[in-house]
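S.K.: Construct all of the structure, not just a fragment, from the sequences and the given hints.
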Amino acid sequence: MMNNQPTPGKALRWFDPRHRQPGTWAFILNRITALGLTLYLALHLIMLGKLAQGPEAYDSFIALAKTPWVKFGELLVISAGLIHGLNGIRIALTSFGIGVTVQRQLFWSFLTLALIGSAIFGYFMFFVH
Amino acid sequence: MIRMIQTKAHAIIIGAGFTGCALAYDLARRGLAVTVLDRGEIASGTSGRTHGLLHSGARYCVNDQESAVECIQENMILRKIAHQCIEYNGGFFVALNEQDLAYGPRFEVGAQQCGIEIDAIAPQKARQLEPNLNPDVLAVYHVPDGVFDPLRLALAFAASARFFGAEFLPYHEVENFLTNGQGAVSGIKFWNRLTNSRSELTADLVVNATGAWAGVILKKIGASVVVTPTPGIMVAYDCRLVNRVINRLNEPGDGDILIPQRRMVVIGTTSYEAEEVDYIPVEKEQAIQMNRDAITLVPRVATCKQRGVYMSARPLIGKGEAGRSLARTFKCFDHRETDGIEGLVTITGGKATTCRLMAEKTADLVCQKLGISAVCETAGEPLRSYREYYQPSGANR
Amino acid sequence: MTDRLWHVTFSIYRKKADQPPFYQDFSLEVDPDEYVLDGIERIWAFHDRSLTFRHACHHSTCGACGMLVNGVEKLTCITPIREVTKDGGKIRVEPLRNFPILSDLVVDMSEFYLRMEQAHALQVVPVAQSTLPYESLRFPDDGLPHERLNDCIECGMCVSACPIALTAANYQGPAALAAAQQTYSLTSEKSLLALVDCADGVWRCHSGFECTAVCPSNVDPAWRIMELRRQVIRHRIKRIFRQDG
Amino acid sequence: MLGTRPKAREGAFLWLIKILAGLSIVIVLGIHFVVNHLVAPEGLLNYADVIRYYQNPWVVTMEIFFLIAVVTHALIGIRSILLDLNPSDSFLSILNTILIVVGVGAVAYGIWLALEIASRGN
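Residue numbers (my numbering), protein chains in the order written: chain A, 1 to 129; chain B, 1 to 397; chain C, 1 to 245; chain D, 1 to 122.
Worth double-checking, as some hints may not be accurate.
Stretches of chain C that chain B covers, calculated by requiring three or more beta carbons in the stretch to come under 8 Å of a beta carbon on chain B [to be verified]:
#1 37-43
#2 52-61
#3 100-108
In silico lysine to any residue, SDA-like type, Cα no more than 20 Å apart, as pairs [said to hold, decoys possible]:
#4 A:Lys-50 / D:Ser-119
#5 B:Lys-331 / B:Asn-63
#6 B:Lys-284 / C:His-7
#7 A:Lys-10 / C:His-7
In silico negatives: residues of chain B with every beta carbon more than 10 Å from chain C [unchecked claim]:
#8 Leu-129
#9 Phe-163
#10 Cys-304
If you are wondering where the hints come from, they were derived from the structure by calculation, not from laboratory data. Backbone N, C-alpha and C fix where the C-beta goes; we use that ideal spot for every residue, glycine too.
M.R.: Structure (structure tokens):
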């Protein structure tokens with residue numbers, strides 16, 4: 001076949017960023033953030049179930065959610081969301097042939113946008129509340 | 001790997017360059033079982049490293065008319081059967097000084113004698129057709145030159161040969177000949193470089209189509225053929241400045257041809273004799289000289305970057321003091337006549353463009369020696385797609 | 001053009017039949033302006049005749065000599081040694097990725113060529129339509145219909161660089177998709193759209209743009225895949241309206 | 001023909017849905033954060049706020065739509081990652097059914113939850 005025994009074991013080499021272009025970093029980032037966000041989606045749905053169990057269950061969970069570690073986790077989720085979302089827009093645009101020749105600049109600008117966004121959220125989450 | 005039952009006559013061809021592949025196609029089409037061995041892959045020797053000129057013969061129409069006639073006839077045939085890898089836009093012979101102009105009349109007579117259709121074009125019109133041409137061009141003739149991709153032309157013949165049952169064994173280096181009691185060649189010993197194993201293969205006849213290495217192979221059996229490997233340099237630049245092949249209107253000399261190919265232009269060539277041609281180092285002075293010659297033909301080459309530079313050793317027949325004076329035609333040697341060895345034929349010399357004709361003449365000799373009456377049919381129909389060469393056997397039958 | 005020679009070590013991937021692969025070092029005196037392929041050929045000629053590697057034209061028109069040089073796909077015949085290492089440096093040479101290895105640096109490209117054949121890839125194209133639409137480069141054009149050998153030299157390096165071709169067995173690959181786009185733009189054969197409009201065709205590409213980065217001859221397969229997607233969608237929409245209309 | 005595995009046509013269809021779902025997520029997330037900050041400046045951090053937030057029927061529909069978009073986008077994405085791991089055709093059909101079951105289950109659970117919360121208000 002085209003590649004020699006394409007085993008899932010080779011999938012780890014997706015994440016080998018050496019000698020790779022920004023395009024592939026975007027591809028790697030997208031996959032990692034996607035897996036993270038899906039995990040969060042599952043947890044989010046399960047946790048919301050506590051709402052159905054009534055006020056005490058939910059409020060005690062929220063108390064837990066205020067601890068710095070969980071907050072930091074939420075910040076990670078938010079930055080993953082920003083990176084995945086903005087990069088998703090980049091891929092949507094290029095996939096319709098828009099901006100293909102400037103895809104590299106798109107990647108860098110969206111990545112900085114996402115990091116700035118995460119910083120803002122981080123500031124609000126840790127210093128304001 | 002000995003061939004067990006042998007209904008068809010079996011021929012081994014050493015060398016998978018233009019001649020080897022074309023001969024494999026011709027013999028396979030005439031019903032022989034054919035095995036082609038090459039120490040590298042297709043066209044990894046001289047054939048691959050040509051500049052790709054589909055020769056119109058115009059360069060040799062004054063002083064080597066035999067070679068010129070062969071070229072123009074084959075040029076027209078290849079345009080029909082191998083268009084898949086030929087960019088055919090014609091060519092210019094341009095005069096840039098008085099000495100070139102003096103060559104004009106002899107050029108016209110020679111071309112007319114060889115049946116090469118040329119027509120004179122006003123320099124001003126020529127500059128309009130090729131804006132990057134040297135502005136102080138004095139006279140221009142249009143000739144039916146074309147350009148091909150070397151590897152794909154050989155592959156097209158090889159794919160067609162495989163379609164008719166020929167078998168190719170790349171990376172199999174022939175190390176020696178097998179002989180039966182009476183001093184006749186009965187096969188070859190080879191080293192399979194893919195698996196690093198050695199074996200033998202018998203055949204009714206062995207054809208030595210190794211071009212510039214013809215002499216080297218024959219030493220192993222005490223036969224010989226007078227072939228002088230004559231290396232020449234070619235330099236590729238990274239911008240396609242012309243659509244037509246630009247030749248200098250004069251005697252064959254150094255740096256007298258600039259060929260468009262894909263997005264490049266390739267300037268060729270030089271000529272000197274050499275003994276050892278397995279590896280020919282590139283001399284920088286020759287590359288610099290080629291750059292100067294290219295700039296004289298098309299000044300804007302000065303703004304281009306060198307993309308590649310390479311040497312390849314043409315097989316010239318006979319021993320001459322200057323590489324150029326040797327005849328550029330090809331020759332078929334039946335070693336029964338020349339060395340008293342039966343079952344061995346050598347084909348060498350010639351030009352890339354005449355590979356089909358070289359194969360035809362060699363196939364005629366091989367069939368006559370093996371008592372086969374089939375005739376050549378390779379000029380009639382287009383070759384198979386060169387990509388079919390890579391298909392697993394039987395995929396395209 | 002310095003005349004001082006560099007001392008360079010070629011570390012070449014070696015593998016015969018089913019023996020385990022290993023790296024063999026060869027140290028050479030090279031002129032930095034020579035090409036990587038010249039070094040490899042010198043190693044074959046003077047050091048180890050069992051070294052197998054694909055090469056033919058030595059000036060980037062045949063596409064046979066694509067290899068991994070220090071981990072990056074390079075056409076070794078046009079890659080100056082100066083570009084990939086320094087004096088006293090090392091050059092790691094490996095076969096292309098994503099292709100079965102036959103021996104040493106030679107890979108099996110039969111599947112690749114079959115895919116190009118199915119995509120009706122052209123080798124000779126009209127000069128006027130032979131560059132990418134967004135390219136400002138214009139070849140000399142005297143109004144007469146000229147033809148030229150296509151940009152794509154079928155070296156397979158885009159497939160070697162593609163992160164999807166790394167694991168997806170049936171992915172048609174950037175080269176075949178780029179060829180289908182070019183042929184469709186010249187001949188509008190609808191069968192090509194049907195061929196590529198599937199989970200193993202244009203929809204499998206994840207915009208890594210690696211193919212365009214390693215392509216030695218300005219084919220820009222990534223752009224062509226995205227353009228092909230637009231053609232496929234346009235064709236689908238037209239077909240939907242035609243069915244209703 | 002080589003390359004068109006049994007589910008030939010579904011490459012484009014799923015890809016389009018993924019892109020549309022993705023875009024709608026970006027939009028809804030945008031609204032979500034804006035509305036969220038207007039309704040409860042520090043976020044829905046206690047039970048009462050959540051119940052009040054869910055009284056507005058627009059919010060309920062938006063949240064359900066958001067849930068469907070996220071679940072489809074996520075599952076199609078996961079499937080295309082798994083597709084790149086070269087599953088055999090039979091395994092892929094099992095995969096498809098699993099993903100559909102998970103998807104429908106999650107959406108059903110989400111809708112039930114949203115309606116349950118909304119009903120808690122009166």
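S.K.: Please go over all the hints and tell whether each is borne out by the structure.
M.R.: We went through each hint and held it up to the structure:
1. Note: the region 37-43 of chain C has 3 residues with beta-carbon separation from chain B under 8 Å; the three-residue rule is met and the coverage holds.
2. Given a C-beta distance limit of less than 8 Å, the hint that chain B covers the region 52-61 of chain C holds, as 9 residues qualify and 3 suffice.
3. Counting residues of the region 100-108 of chain C whose C-beta sits closer than 8 Å to any C-beta of chain B gives 3, which meets the bar of three, so the coverage hint holds.
4. Distance hint between A:Lys-50 and D:Ser-119 is fulfilled; the C-alpha atoms sit about 16 Å from each other, no more than 20 Å.
5. Restraint check for B:Lys-331 and B:Asn-63: satisfied, since their Cα atoms lie roughly 18 Å apart, inside the 20 Å limit.
6. The hinted pair formed by B:Lys-284 and C:His-7 meets the criterion: a straight-line CA distance of about 19 Å does not exceed 20 Å.
7. Annotation: proposed proximity of A:Lys-10 to C:His-7 is violated, straight-line Cα distance about 35 Å (limit 20 Å).
8. A Cβ of chain C approaches the Cβ of B:Leu-129 within 10 Å, the least distance being about 5 Å, so the stated non-interface status is violated.
9. Non-interface call for B:Phe-163 relative to chain C: holds, since the shortest CB-CB distance, roughly 14 Å, exceeds 10 Å.
10. The beta carbon of B:Cys-304 is kept farther than 10 Å from every beta carbon of chain C, the shortest such distance being approximately 13 Å.
In this structure, the hints that do not hold are numbers 7, 8, in rising order.
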